[in-house]
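A.B. asks: Listed here are the chains, written in short residue letters.
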Amino acid sequence: SQTIHQWPATLVQPVGSPLSLECTVEGTSNPNLYWYRQAAGRGLQLLFYSVGIGQISSEVPQNLSASRPQDRQFILSSKKLLLSDSGFYLCAWSGVGLSEQYFGPGTRLTVT
Amino acid sequence: DAKTTQPPSMDCAEGRAANLPCNHSTISGNEYVYWYRQIHSQGPQYIIHGLKNNETNEMASLIITEDRKSSTLILPHATLRDTAVYYCIVRGGPGNQFYFGTGTSLTVIP
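Going line by line, the protein sequences match chains F and R. Residue 1 is where the first sequence starts when you use the numbering used here, and the numbers rise one by one after that. Residue 1 is where the second sequence starts when you use the numbering used here, and the numbers rise one by one after that.
Where hints are given, some of them may not hold.
Said to hold, decoys possible - Calculated Cβ distances over 10 Å to all of chain F for the following chain R residues:
1. K52
2. G103
3. V108
Said to hold, decoys possible - A partial selection of chain F residues facing chain R, derived with a Cβ cut-off under 8 Å:
4. W7
5. P14
6. N30
7. A40
8. R42
9. L44
10. L46
11. I53
12. G54
13. E100
14. Y102
15. F103
16. G104
Keep in mind that the hints were calculated from the coordinates and are not lab data. Every residue gets a Cβ at the ideal spot worked out from N, C-alpha and C, and that includes glycine.
Start from the sequences, fold in the hints, and give me the full structure.
C.D. replies: Encoded structure:
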């Protein structure tokens, strides 16, 4: 069966520090991968999606970037965090076409 | 942009059916309706999806109106563990991405 992992589960970082969040998927090949952010009390905002290695699409302009160095690995990064980057970051995967998305457990990021 | 409208909150008595409405009046012919739920501080959980026919699985039923402009998610016998935020999503557009709105916060009352 397929599983999706995210780490770390929680993170507290100072403003201006770098960020690297990792997401890996097991049990499937060629997944579509997604990064979402959820601010406190808000819905989910799609940040990036990827349909293959090295292929990244950005949904909104921001302080973050994403990379997909391997088929089942998706990384969210920032060179310098802002206070507004605080939130709950979720990684998700789906199969090709119109299949449903499956979400990881999330990383709660607090920028201080 | 979210293409759906949901009530911000609802209550339901434990053991009764929970009926969660969703309006998607601008839905296109090839767009599916998906439902997810999110329990506090967890990742969203897939519930069900459909195109134009009613669908049922072990978790819920999805009723889509004939004109497809609205749908209802039915939890037949709500339990306290069904307390969550429920998202109705229309999937379509370039890249077939999911766009989440703010959902309906369902509280199941003992």
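A.B. asks: Looking back at the hints listed earlier, which ones does the structure fail to meet?
C.D. replies: Hints 2, 4, 5, 6, 7, 11 and 12 contradicted; others consistent.
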